Structure formats: structure tokens, C-alpha cells
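Number of protein chains: 2
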Amino acid sequence: MTTGENHIGIKRSAKGGKTYTTFNPKLNIENEQIFTEASSEEINQAAELAAEAFKSFSKKSGLEKANFLRAIADEIIAMGDDLIAMYQSETGLPEGRAKGERGRTIGQLSSFATMLEEGSWVAATIDTADLDRKPIPKQDIRKMLVPLGPVVVFGASNFPFAYSTAGGDTASALAAGCPVICKSHPMHAGTGEMVSDAIIRAAQKTNMPNGVFSNLNSSGIEVGIELVTHPDVKAVGFTGSIQGGRALYNIAAQRDEPIPVFAEMGSVNPVVLLPKAIQNRGEALAKTYAGSITLGSGQFCTNPGLILGIKSDSLTDFISTLSEEIVKLEPSCMLHPNIIGNYEKNKQIAIQQEGLTVNADFQDSVAVNYARQAIVTVNGLTFLNNTTLHQEVFGPFSMLVVCKDANELKLVISHLEGQLTGTILGEEKELQEFPELIAALQSRVGRIIFNGVPTGVEVCPAMLHGGPYPASTDSRFTAVGVHAVNRWVRPFSFQSWPNKLLPKELTDENPLGIIRLVNGKNSKDKI
Amino acid sequence: MTTGENHIGIKRSAKGGKTYTTFNPKLNIENEQIFTEASSEEINQAAELAAEAFKSFSKKSGLEKANFLRAIADEIIAMGDDLIAMYQSETGLPEGRAKGERGRTIGQLSSFATMLEEGSWVAATIDTADLDRKPIPKQDIRKMLVPLGPVVVFGASNFPFAYSTAGGDTASALAAGCPVICKSHPMHAGTGEMVSDAIIRAAQKTNMPNGVFSNLNSSGIEVGIELVTHPDVKAVGFTGSIQGGRALYNIAAQRDEPIPVFAEMGSVNPVVLLPKAIQNRGEALAKTYAGSITLGSGQFCTNPGLILGIKSDSLTDFISTLSEEIVKLEPSCMLHPNIIGNYEKNKQIAIQQEGLTVNADFQDSVAVNYARQAIVTVNGLTFLNNTTLHQEVFGPFSMLVVCKDANELKLVISHLEGQLTGTILGEEKELQEFPELIAALQSRVGRIIFNGVPTGVEVCPAMLHGGPYPASTDSRFTAVGVHAVNRWVRPFSFQSWPNKLLPKELTDENPLGIIRLVNGKNSKDKI
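Sequences listed follow chains A and B, in order. Each residue of the first sequence is one higher than the one before, counting from 1 in our numbering. Each residue of the second sequence is one higher than the one before, counting from 1 in our numbering.
Keep in mind that the hints were calculated from the coordinates and are not lab data. The structure presented is a predicted model; accordingly, all values stated were derived computationally and were not measured. Please note that a few of the clues may not be correct.
Result set (EDC-like, lysine to aspartate or glutamate): computed pairs, CA atoms no more than 20 Å apart in a straight line [claimed, not checked]:
hint: 1; chain 1: B; residue 1: 521; chain 2: A; residue 2: 525
hint: 2; chain 1: B; residue 1: 287; chain 2: B; residue 2: 118
hint: 3; chain 1: A; residue 1: 55; chain 2: B; residue 2: 408
hint: 4; chain 1: B; residue 1: 311; chain 2: B; residue 2: 222
hint: 5; chain 1: A; residue 1: 524; chain 2: B; residue 2: 118
hint: 6; chain 1: B; residue 1: 11; chain 2: B; residue 2: 52
hint: 7; chain 1: A; residue 1: 504; chain 2: B; residue 2: 408
hint: 8; chain 1: A; residue 1: 59; chain 2: A; residue 2: 325
hint: 9; chain 1: B; residue 1: 504; chain 2: B; residue 2: 118
hint: 10; chain 1: B; residue 1: 524; chain 2: A; residue 2: 232
hint: 11; chain 1: A; residue 1: 55; chain 2: B; residue 2: 436
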């Protein structure tokens with residue numbers, strides 16, 4: 001089912017000297033397959049092959065690329081339960097989650113295929129000539145989005161399907177017309193290899209050039225660094241830690257030719273409790289949040305790790321209920337011994353900070369690699385003065401910050417680092433009572449939620465998954481939804497180019513029937 | 001008319017200890033006004049004031065911002081000939097150029113105002129709820145573009161109006177809702193001060209917050225560095241040299257919170273001569289290019305500094321004609337003694353390279369600060385092996401590269417650094433005869449031109465002014481045209497937000513009547 005080799009386009013290759021295995025956290029054993037890390041030679045081969053593939057792949061029509069993406073989805077589905085079993089053996093996640101995430105991945109591929117079939121995403125913009133204009137004639141200029149070149153995608157530990165090998169970064173880069181080199185995540189190398197098989201079969205069935213996709217194994221940081229510094233690589237997609245994402249960003253910025261890195265990184269996803277909401281329905285909210293904090297062992301980038309409120313009896317009751325409810329929930333298995341190791345370490349660092357109270361910390365014995373959920377509280381001033389408390393504790397952990405009044409709450413919000421999401425739990429009229437507080441939260445986040453939970457990132461065009469640094473390295477882009485394609489494209493202008501030699505998207509006849517901005521007006525008409 | 005002080009919002013301030021003057025290159029004398037460089041304290045004041053102004057300016061409606069931009073244009077026009085005289089005294093450029101550039105600047109402000117009045121530029125995207133969806137309900141999500149925060153704009157030496165104080169970067173940043181701090185260009189500090197006056201009067205007349213615009217004098221690099229490292233600054237626009245732009249990019253990338261820098265930098269704007277075109281109309285092309293190379297003393301970022309062709313008798317004739325024609329043209333005054341000093345220095349560096357032939361070098365005596373145009377040739381192999389020859393010589397200078405065949409020409413093109421423009425001079429059917437050569441050129445440039453000249457950057461939505469590094473630091477954006485606004489905005493999502501509290505752009509009623517992507521379809525309808 002797997003071989004442990006790298007995919008350099010359609011070729012299998014395992015020339016490196018470094019090997020590793022993946023780990024089954026539920027069984028607490030190493031899995032059998034031995035994976036061979038990509039060598040420098042193989043990294044170079046994959047990058048050069050991608051650059052060569054780019055020449056023809058960048059010219060593929062929207063329909064051809066859509067067929068490729070739909071074929072990837074079909075090939076993934078065709079692997080059936082074997083793939084689900086592999087996923088579970090490398091993550092400890094339950095079957096329902098595996099199948100749900102596979103569905104999300106198929107949905108993402110399909111949404112980009114639909115975007116390509118419709119075709120207007122290229123933002124065709126046409127200004128026709130006016131050769132009689134004085135004092136100088138106006139030339140015909142036509143612009144559309146074109147792909148950047150080979151993209152390196154770093155798989156994420158917590159989403160082997162949806163944010164890894166054939167996840168949103170890969171789907172959006174392929175949709176753009178960019179070949180992808182996946183830096184396989186070492187914790188789910190087998191899942192990565194199987195999904196890579198699916199992509200490469202799909203590429204062959206739909207006549208895509210060899211090198212449109214490669215998958216390189218890696219157990220440490222070297223393969224990633226070599227990829228990001230390779231001159232044939234033109235952009236990078238990453239989902240993971242702040243430390244990892246920032247390191248790649250720095251490397252890319254220091255190249256002779258800097259390249260864009262979109263890294264979706266850390267976030268504690270602050271949740272703001274407004275007074276009347278917790279007075280009116282604090283108990284229900286506490287129960288909802290006990291579930292949200294522990295969902296998937298808290299291994300979501302949108303996990304609510306920080307809850308902010310104003311000192312009151314209702315808030316005290318909320319904290320009590322949340323603390324009681326959360327320890328009633330069964331702990332669950334984390335992805336890998338390293339992940340649970342970091343969780344326990346970071347939880348202890350937080351707990352040892354001065355002025356912090358532990359309100360809940362699951363104490364019963366649990367199976368190995370299972371995470372004990374915890375709730376802690378701290379007052380506003382202590383939080384403001386200690387940035388260690390602002391750090392994400394990746395896992396089923398949440399910190400409540402009890403502010404003395406609305407002003408302190410606003411101050412806490414405005415001192416937060418950038419976040420993927422911010423949530424307001426309030427009554428509708430409270431939104432109007434605290435405009436500055438809400439404006440402060442808006443300035444720190446990519447998505448603001450009213451009366452919901454931040455977990456659950458809908459795949460739809462209106463989704464912004466990203467946000468101010470360090471939620472992402474560039475708040476001007478999203479990692480989720482069809483607009484994620486904008487990370488991998490550049491506008492390109494043709495001036496006075498013969499009509500019949502223009503790309504179809506830009507010819508007078510508009511044969512694709514797409515929406516274009518023609519002389520300042522949106523139109524599907526011919527010119 | 002000028003005071004030499006900085007504008008910190010509406011306040012005048014000159015607390016720094018460093019002063020300087022501007023220079024009249026035509027008269028070869030220093031101008032009288034003494035300018036005081038901004039102190040660290042003043043830089044900090046301007047940045048903090050901009051951050052405070054952002055809170056209300058970011059909430060201004062499109063119509064309010066449009067009124068502001070139109071008022072800036074009116075105030076600039078109202079200064080009449082005084083402003084034109086100041087511009088000429090600081091640049092040595094003729095009155096026609098000054099007025100033409102002022103017209104372009106007014107046109108840019110007006111085009112962003114029109115964009116704001118229409119309103120669809122915010123890319124409103126709405127996915128409505130489906131609370132009955134299984135297995136999990138779909139929440140209502142609505143996304144639009146929001147401003148990043150205060151933007152620092154670096155004025156360009158060669159365009160005191162169109163790419164400086166109230167130029168494209170400022171106009172696009174203000175349109176986005178971002179306050180602007182202009183780092184005044186030292187060569188035209190008086191023009192900058194007058195235009196700043198106009199902007200600040202316009203801000204007051206249209207009720208914009210104090211701090212929406214500041215203008216800081218600087219004679220060296222310190223003011224710019226302090227601005228780019230200031231935590232309240234959220235983005236940077238720059239037009240100038242590769243060295244300067246890259247230095248700012250590096251500084252911004254090394255901040256705790258990295259910020260985007262859009263720097264439009266060097267370009268030699270390769271022009272490719274295809275064989276039949278120069279056979280059929282080489283003489284006419286040579287005359288056209290003699291004019292294009294010397295236009296404005298070659299002080300345009302789109303100046304054609306590199307002409308590439310295949311060895312032939314026609315090419316030899318083209319070089320002869322170009323060389324003869326170019327020395328018939330009258331030399332003109334460059335912007336500043338530093339600029340002509342660099343021109344002469346860089347021209348000599350090029351000329352001294354091995355294997356280079358000087359075909360034309362204007363020899364007659366010229367007035368001080370007037371540039372002597374030159375044409376040089378080199379063969380393809382020499383050019384490929386010596387990257388010093390790839391460097392821009394900013395001024396009326398162009399290098400012809402004579403390749404032995406089409407393959408060598410393709411090789412030369414594919415080894416070029418990124419460029420703003422690439423031009424093909426050819427017959428229409430030659431475009432089909434050399435597809436790989438044209439693809440290679442497309443991959444290196446932001447705009448490709450058929451049978452024209454690269455000088456003259458039309459201000460229109462279809463214009464891409466930027467390109468692969470080092471033409472710009474981020475090929476995904478343009479510096480010219482209304483889409484330049486995309487550099488200063490980020491998408492922001494509201495989830496389950498009460499309809500009446502949403503920005504007007506996103507409410508069900510669509511009161512602004514803008515085009516929105518609603519459940520995947522473009523529509524101006526209510527929901």
C-alpha cells in the first residue's frame with residue numbers, strides 16, 4: 001500500500017540516507033513502514049521538474065485543470081477504507097473525523113474545479129484603444145491573473161487531508177496553474193504517500209505534465225529549508241506553528257529573489273463574554289464551550305484558547321459551570337507523543353505563571369497520549385503584564401481573563417497579537433453598547449463571530465481564514481475558500497496584442513463567457 | 001509659499017537639527033528654502049496620530065473618501081502656476097511635462113474617487129446560512145475588504161507629482177481607508193510641501209480626521225528607516241532604486257510584526273526585435289526608439305534600456321540608424337547633480353566592460369547637468385556571462401545585445417531579471433513563429449507590449465505596473481490603476497453578524513447597489 005519512497009513526479013525515488021517511521025498514538029506503537037527522507041539531489045530534481053512542468057501546466061485551460069482536480073477527488077475516494085485506516089493509524093483520530101475531513105478535502109477540490117469551470121476568477125480586465133485621443137493615443141491593454149510558478153506546500157500535523165497533501169493549499173495552487181511540491185508531514189507520511197499516489201494517478205489520467213506534483217518525505221527541517229531556498233520555487237504555503245512559519249518566512253525574505261510565503265500560524269481565538277449574555281444564558285454557553293474547547297482534543301487552529309469577560313457574579317458562575325462541565329468530558333487521544341508532550345509542557349508553563357488559578361484540570365488516569373483538559377483563570381492586569389500568558393497552548397486548554405471593567409477588557413483586546421478569529425458572545429443590543437471594544441477586536445482578527453464558536457471553518461467564498469500577524473504572515477490573503485487561489489497568481493498585462501493570439505479569457509469574442517471588467521464596466525458581452 | 005517645516009497632521013513642526021535645500025539643475029544653483037528633517041519625536045508623533053486617525057478614517061464611507069480625493073485634486077489645481085514653477089525649479093523638467101504630470105495625478109485621484117463612488121471594489125462576498133444543513137448547520141458568513149492601517153509612502157525622484165506626495169501610492173492608500181505618512185523626497189521637498197498643503201486643506205474641508213496625512217522631510221535614509229520600523233505603520237509603498245527598495249523590504253521583513261512593502265524598483269525593459277520587423281521597417285523603428293530612449297532624459301522606470309536582436313544585416317542597419325538618430329537629439333537636463341553623477345558613473349562602468357562596443361555617445365559640449373545619450377552593443381554570450389551588463393543605467397542609455405540565433409536570444413531572455421515591461425517588435429505572424437521566446441519574455445515581465453514603446457504607463461484598470469522581482473517586491477500587485485488599492489486592504493469576515501449592524505456593503509438590503517458575490521453568483525440584488 002505504501003513504499004516509503006518519495007514521488008519525484010511519476011518516478012519513485014529513495015536515495016537519501018535518513019529514514020523514519022510514523023506513530024500510532026492510540027496503540028502507542030511505531031507503524032511498520034519505513035520512510036526515506038528526500039536527498040538534496042531529489043529535492044533539486046523535484047524543483048527542476050516542477051519548473052519544466054510549469055511551462056505547459058500554466059497554459060492548461062480552466063476545464064483541463066478542473067478535470068484534474070475532480071480526478072484527484074475521485075482517486076482519493078477510490079482508495080476507500082484503506083486510506084481511512086492509514087489516516088487513523090497515523091493520527092489516533094476517530095473514523096468519523098477521518099471521513100469528515102476527507103469529505104471536506106473532496107469539497108475543496110470540487111469548489112476549485114467549479115471556480116475553474118466558470119472561469120471569471122482570472123479577473124479579466126480590458127481597456128480598449130482610443131487611438132484618436134489627444135495628446136497621446138490610448139493603447140489597448142488587457143490584464144488577467146497568471147500563475148506564479150512552482151509552489152511548495154507544507155502539510156499540517158492536525159489535518160492530514162484538508163490542510164496537507166491534497167488540501168486547500170495544493171488545490172488552490174493547482175487551480176492557479178502552479179505545480180506543487182509537497183513537503184510531506186512526518187507524522188502522517190503514509191497518508192501523504194497514499195494521497196500523493198492519488199494525485200499522480202489523476203495527473204496521468206488527465207494528461208498533466210510530469211512534475212505537476214511531487215511529494216518529498218522529511219523528518220526534520222532540512223528538506224523544507226532546501227525547498228524554500230531553491231531558485232525554481234516561486235511561493236510557499238504553510239500551516240503550523242508560529243516558530244516554523246516565521247522561520248520559512250525569514251528564509252524566503254532573505255533569498256536573492258524573495259518569494260511570498262503564506263503561513264497560517266498560531267491563534268488563541270479570543271472569545272469575549274458580554275455581561276448580559278452570560279447573565280441570561282451563561283450556563284448554556286459554558287456547556288457549549290466545554291465542548292468546543294475539547295473538540296478533537298483542542299487540535300484546531302481555531303480552538304478557543306482565551307475567554308475574556310468582565311468581573312461579575314455571572315462570570316464566576318460561568319467559570320464554575322465551564323470547569324465542572326469540561327472535566328465530565330472524556331479525554332481523547334492526541335496526534336503524536338510530541339504533540340501531547342508539547343501540550344503538557346506548555347500547559348505547565350502557563351499554570352506556573354504568577355497570579356494564575358487552575359479551575360479545572362482533568363485528574364483521572366487516562367490512556368497514554370490522551371490529553372487532560374484544563375481551564376485556568378487570571379485577572380486582566382496580570383494578563384496584560386505577562387505575554388507568556390498570550391502564547392497558544394495547543395490542545396484542550398482555555399484561559400479565562402477576568403477584567404475589572406469594560407475599559408480593561410478593551411485594553412486587553414487591543415494588546416492581543418493578531419488572531420484567526422474573535423468571537424463575541426452577547427445580546428444583540430450589547431454590540432451597540434460596546435462599539436470601541438468590538439472595533440478593537442475587529443482590528444486584531446481575520447474573522448469575527450457573533451454568538452457561535454470559532455471551531456468549524458466553513459469552506460465558502462466568504463470565509464477569511466488568516467488574519468493579522470502572527471495568525472498569518474500576510475493578512476491580505478485567505479487559506480480557505482476559492483479566493484485562496486489569489487496567493488499563487490499575479491496580474492499580467494498585454495498591450496496592443498493581436499486579438500487572435502491573446503488567451504481566450506481576453507479576446508474580443510469572450511468565448512468562455514466570463515465576467516470581465518471592460519472599460520470600467522462588468523460585462524459578459526463581446527467587444 | 002513654503003516654510004521648510006514638516007506636516008504632522010494639521011500641525012507644522014520643525015524640531016530636528018538637520019537641514020537641507022533642494023537644487024535647481026537647470027540654473028545649477030541651490031534653491032533658497034531651507035528644509036528641516038523630521039526628528040525621531042516628530043516621526044513618532046506622525047505615526048501615533050495616523051494610528052489614531054485610522055480609527056475614524058477607516059470607517060468613512062466611499063462617498064466621503066471620494067470627496068476627500070476630489071478635494072485634493074481641486075486644491076492642487078488651485079495652486080496653479082506657483083506649483084508648476086516650484087516643480088520646475090526642483091527638477092529642471094519643462095513646463096509641459098510638469099503640467100502633464102499634474103494632469104496624470106489629478107486623473108489618478110479622480111479614478112480612485114470614481115471607484116469609491118461606485119463601491120464594488122470592496123469585493124463583498126456573502127454566503128447565507130443554511131441552519132438545516134446536515135451534519136452541521138451552515139452559518140451566515142460575509143466578507144469585504146478593509147484597510148490595513150497607516151501606510152508610509154516614499155516619494156520618487158523622477159515623478160514629484162504622479163509617484164510622490166499625492167501620487168498613486170497615496171491616492172490608493174487613502175482610497176483604501178489608510179492614513180498616509182509621506183516620506184518626502186529630498187530632491188523636491190518644496191513641491192512635496194506644497195502638495196502636502198493641498199492634501200491637508202482638502203482633509204480639513206471634507207472633515208477627515210487630523211493625522212489622515214502627514215509629510216516628513218528627510219535628506220538621508222534615517223527618517224525612512226524609523227518610519228518602516230514604527231509599530232503603528234502597517235504597510236509601505238516605495239518607488240525608486242533596487243538598493244533602496246530592497247533595504248526597506250528587508251527592514252520590514254525583520255520586524256516583530258512583518259509588514260508588506262510594495263516597492264517598484266529597477267527595470268531595463270527589454271525590447272525584442274524579431275527579424276522580419278526590422279527587415280521591413282527597421283529605420284522607422286530606430287527613429288522611434290531614439291526618441292523613446294531619450295524621452296525625459298531617460299528618467300522613466302519604463303525606459304527601454306536593453307534591446308535584443310538576432311545578428312543580421314538588418315540589425316546592423318538598425319543599430320547604425322539608431323546611433324545616428326540618437327545623437328541628433330538635443331540632450332536635456334537631468335533631475336539633480338546626483339542623478340547625472342550616477343548616470344555618468346554607471347554608463348562608464350558599462351562601457352568599460354570587456355566585449356562592449358560604443359556605437360553612439362553624444363560628444364558635443366552640453367550645459368551642466370545635461371545628460372549625454374549613448375548606445376552600446378554587446379554579443380549574446382558576453383551579455384550572458386557578465387551580469388554587470390544586466391544592471392540598469394538610469395538615463396538616456398540603451399544596450400543592444402546581438403544574439404547569434406533565436407536560441408541564444410531565448411537564452412538571454414530567460415536569464416533576465418524580472419522586469420516591469422517587455423516589448424516585442426515584430427510582424428504578427430512572427431509571434432507564432434517564436435512561441436518559446438515569447439513565453440520566456442512573459443515569464444520575466446509584468447506587461448508585454450506588441451509593436452510599441454514601454455514608456456507611457458496608461459492609468460487604467462487593465463494596467464499592471466510592477467512585475468517579477470526586482471521590478472517589484474511582490475508581483476501579485478500593481479502600482480498603477482485602481483487595482484493598486486489591493487496593496488493596502490485585507491479581506492475580513494463577519495460570521496452570524498446581525499444584519500443591521502453590518503457595514504452597508506454587506507447588509508441584506510444592499511443600499512449601495514454594489515455588485516456582490518452572493519452564494520457564488522455576482523449580483524446587485526437584495527437578499
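To see whether the hints hold, each was checked on the structure:
| no. | hint | verdict |
| --- | --- | --- |
| 1 | 521(B) with 525(A) | holds, 17 Å |
| 2 | 287(B) with 118(B) | violated, 43 Å |
| 3 | 55(A) with 408(B) | holds, 19 Å |
| 4 | 311(B) with 222(B) | violated, 49 Å |
| 5 | 524(A) with 118(B) | holds, 19 Å |
| 6 | 11(B) with 52(B) | holds, 15 Å |
| 7 | 504(A) with 408(B) | violated, 30 Å |
| 8 | 59(A) with 325(A) | violated, 56 Å |
| 9 | 504(B) with 118(B) | holds, 13 Å |
| 10 | 524(B) with 232(A) | violated, 43 Å |
| 11 | 55(A) with 436(B) | holds, 9 Å |
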